[in-house]
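Participant: Here's the letter readout for the chains.
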Amino acid sequence: MAKSIDISDLDIYYGDFLAVEGVSLTIRARSVTAFIGPSGCGKSTFLRSLNRMHEVIPGAWVDGKVVIDGQELYGPNVDPVEVRRQIGMVFQRPNPFPTMSIYDNVLAGNRLNSKRMKKAEADGIVERSLRGANLWTEVKDRLTKPGASLSGGQQQRLCIARAIAVEPQVLLMDEPCSALDPISTAAIEDLIHDLKQDYTIVIVTHNMQQAARVSDETGFFNLKAAGQPGHLVEFNSTEKMFAGPDNPATEDYISGRFG
Amino acid sequence: MTTVKEGPARQSGNGTIPVVRPQLPRWAPLLVAGWALAVAVLLMIFLGWGLVGTGATAGLVYLVALPLWSSAVEGGRKAKDRFATGLMWLAFVVAMLPLVTLVWQVLSNGLPVISGQFLTYNMRNVVGEGGGIYHAIMGTVIITLWATLISVPVGVLAAIYLVEYGEEKKLARAVTFLVDVMTGIPSIVAGLFAYALFVIFFGPGVRMGFGGSVALSVLMIPIVVRATEEMLKLVPNELREASYALGVPKWRTVTKVVLPTAMAGIITGVMLAVARVAGETAPLLIIAGDTDSDNFNAFAERMATLPVFIYYSYTQPGVPPEFGQARAWGAALVLITIVMLLNLTARAVSKYFAPKTGR
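Protein chains in written order, with my numbering: chain Y, 167 to 425; chain V, 214 to 572.
Honestly, the hints are just simulated from the structure, not real lab data.
Since the structure is predicted, the reported quantities are computational estimates derived from the model, not experimental observations.
Ideal Cβ placement from N, Cα and C applies to all residues, glycine included.
Among the clues, some could well be false.
[Unchecked claim] Incomplete in silico selection of chain V near chain Y, CB under 8 Å:
1. 246
2. 337
3. 451
4. 459
5. 462
6. 473
[Stated by the list, open to error] Derived SDA-like pairs (lysine to any residue); straight-line CA-CA distance at most 20 Å:
7. V:469 <-> Y:390
8. V:446 <-> Y:222
9. Y:390 <-> Y:236
10. Y:281 <-> V:468
11. Y:406 <-> Y:379
12. Y:311 <-> V:452
13. V:463 <-> Y:276
14. Y:362 <-> Y:405
15. V:382 <-> Y:226
16. V:383 <-> Y:225
17. V:564 <-> V:554
Make the full structure from the sequences, and use the hints.
Facilitator: Next up, the structure:
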C-alpha cells in the first residue's frame, strides 16, 4: 500500500515570505527518507506541505508540484481532507487527545470520521496498530486509561499507532524523537525499521546519527544566508551522504565544520 | 541594606560562607498582632473610639511595629517582606469585611423566616403574616432557564465562530467589538429593549416571563461568548493539527476534539453567567412585572421573580411593615443560596468533565 512521491519545483510560502525554494526530488516507496539541516531551514515546513498540513496555518501557501500515485496533490479538485487520510503524520511533541482513553486514541482516526464498525473489528484495529507501534505489551491491560497517563515515549508511540490505524500510504514524521530519552528513541527507531515494510516513511530529524541509522536516503536542507529561503542542498543515498557527499556544504555540516 | 550589621552573619572569619542570619521566632507575627489589638482596645476604652477606628489603629500599629522589630533583628529585606505580607493580610481582611457582614446580615434576618410554608406558599390573598415565595422561586427558575436556553447556543456558537473560523476576518472583528459593547449594556437598558421588542408584537403594557428571559439573555450572551472564547483558545493547536493529520474534517475536529477538551471550562462559564443574571432586578421589573399568584407559563401574564419580589416586599411592605420586610430577607437568603448552589455545581461539573491525566 506504499506509494512514492514526486516533488518538482516546490516553493513554500508564509504569506509573502518565501520559506523554502525550488525543491525537486523523488521519495521512494517502502523506504525511509530522512531530511536533515539546521533549525529554521524549512525541513518541517517542507514535510508539512507533503500532506497539505502547511495550509492549516493562516496565510500559508505552496507553488509547485507534488505528485503521489499519479495524482497532483495541489490540483484544483483535490480535497485536503482526503489527502491527509492517505498521508499520515506524527508530530514533534506527542499529542494524544486528552479526553480519550488509550483505546479511543488509537481509533480516533476512524471514530472521528464516524466510520461504523463492529466491536471485534475495532478491537482488531487497536491491537494491530498498537502491536505495529510496539506498544501493545505495555498497555494491553489498561486500554481504558487516559492517553495522557502514559510516559512521553509511550505517548509518542501511541500517536504513531493512531497514525497507522487509518492505514495511510505514507507516514510523515516531524522530529518524532526530539522530546524523548535515548531508550524511547531506540524503540521508535526500531519501529521505523519495521514500519518500512509497509509504509513509505519520511522523517525530519536534527540528529544526524539518527538519520544515518534509520534512513535509506537523506536530503540536506540549508539556508543560502540568514533571511534567505531554505533550499535542498543535496539528496542522495544515506551511505553516500555520510561517506562522501557530492556537495562540500553537506560534508561541512555532517562532519561538524558547519559555517 | 548594603552594609551588613555586626552579627552571626558577619562571623565568617574562619572562612564559612555567611548564610546564617538571626530570625524572629515563628510566633512573632501573632505576638505583634496581639499587642496591636491590645493597644487599640486600650484606646477604645480610654478614648471611646468606635470599632472602625480601633480596627484601623490595630492594623497600623501592626504594620509599624513588626517591620521595625524585624529590621532590628533580621535586616532590611526581611523587614520589607514582613511589611508587604502584613499589608496583604490587611487588604484581605478589608476585602472580607463586606462579604462577611453581608452574609451575616442576610442569615440573621432571613433564617427565622424560612419554613416549609415560606418555601411552598405563594402570596395570594396574604395580608400581614404568612404567605411564601414559591411563585417567585419558580418564576426565577423558569425565566433563568429560558434565558439560558437562548444564550448558550448563541453564545457558544458565536465563540466557536470567533476562535475556529474568524481568522481576523472583518465579520469576526465586528462581532468581537459588538460583544465588547454588549458587556457594557446597563441591565435596565436590556429590560427596556426587551419591552420595546415585545410591544411591537403584543401591544403596549405587555408583561410576560419570556420577555424577562430575552432581557436576561442580552446580558448573558456576552458573558457566555467571552468565557467560551477563552476556553477554546486554551485548547492546544497541536490537538487540532493531530486531528487534521488523521484526515478529520474541520467541523468534526471542532465538535469531537476541541469542544470536548474545552467542555469543563465552557460549562463553568455558563453556570457563572447564569448565577450572574439570576439576581438581576431592573429588566424583570419592566417586562416580567410582579404578581402574588403562581404563574408557570412564561408566555403569558406577569411572573414574579425573587429579585423583584425582594424589591417590592421591602419598598411596599404593607401595614404593618415587619412581615413584608421579613419576607424580603427570607427571599434574599433563598436567592443567595440558589446562586451559591449554581457556583458549587459549576465547580463539581468542571471537575467531572476536565480532561484526566490519570497519573
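Participant: For every hint, state whether the structure bears it out.
Facilitator: Going down the list of hints, with the structure as the test:
Interface hint status for residue 246 (chain V): violated, as the beta-carbon distance to the closest one in chain Y is roughly 45 Å, over 8 Å. At its closest, the beta carbon of residue 337 (chain V) sits 50 Å from a beta carbon of chain Y; the interface hint therefore is violated under the 8 Å criterion. Satisfaction of the interface hint for residue 451 (chain V) is found here, the shortest Cβ-Cβ separation to chain Y being roughly 4 Å, below the 8 Å cut-off. Residue-level restraint check for residue 459 (chain V) holds (minimum Cβ-Cβ distance to chain Y is 4 Å; threshold 8 Å).
For residue 462 (chain V), the interface hint holds, since its Cβ comes within 8 Å of a Cβ in chain Y; the closest pair sits about 5 Å apart. Taking 8 Å as the C-beta contact cut-off toward chain Y, the hint placing residue 473 (chain V) at the interface holds, the least distance being around 4 Å. Restraint check for residue 469 (chain V) and residue 390 (chain Y): not satisfied, since their Cα atoms lie roughly 43 Å apart, outside the 20 Å limit. For a cut-off of 20 Å, the pair hint linking residue 446 (chain V) to residue 222 (chain Y) stands: about 16 Å separates their Cα positions.
With a CA separation close to 32 Å, the supplied pair residue 390 (chain Y) and residue 236 (chain Y) exceeds the 20 Å bound. With a C-alpha separation of about 16 Å, the suggested pair residue 281 (chain Y) and residue 468 (chain V) falls inside the 20 Å cut-off, and the hint holds. Under the criterion of a C-alpha separation no larger than 20 Å, the hint pairing residue 406 (chain Y) with residue 379 (chain Y) is consistent with the structure, at around 13 Å. Distance restraint check for residue 311 (chain Y) and residue 452 (chain V): the Cα-Cα separation of roughly 19 Å lies within the 20 Å cut-off, and the hinted pair is therefore satisfied.
Taking the CA atoms of residue 463 (chain V) and residue 276 (chain Y), the gap is about 15 Å. The hint holds against a cut of 20 Å. For a cut-off of 20 Å, the pair hint linking residue 362 (chain Y) to residue 405 (chain Y) stands: about 18 Å separates their Cα positions. Proximity of residue 382 (chain V) to residue 226 (chain Y) is assessed by CA-CA distance (about 16 Å); at most 20 Å being required, the pair is judged to hold. Annotation: proposed proximity of residue 383 (chain V) to residue 225 (chain Y) holds, straight-line Cα distance about 16 Å (limit 20 Å).
Simply put, residue 564 (chain V) and residue 554 (chain V) have alpha-carbon atoms about 15 Å apart, close enough for the 20 Å limit, and the pair holds.
This entry does not satisfy hints 1, 2, 7 and 9, going by the numbered hints stated previously.
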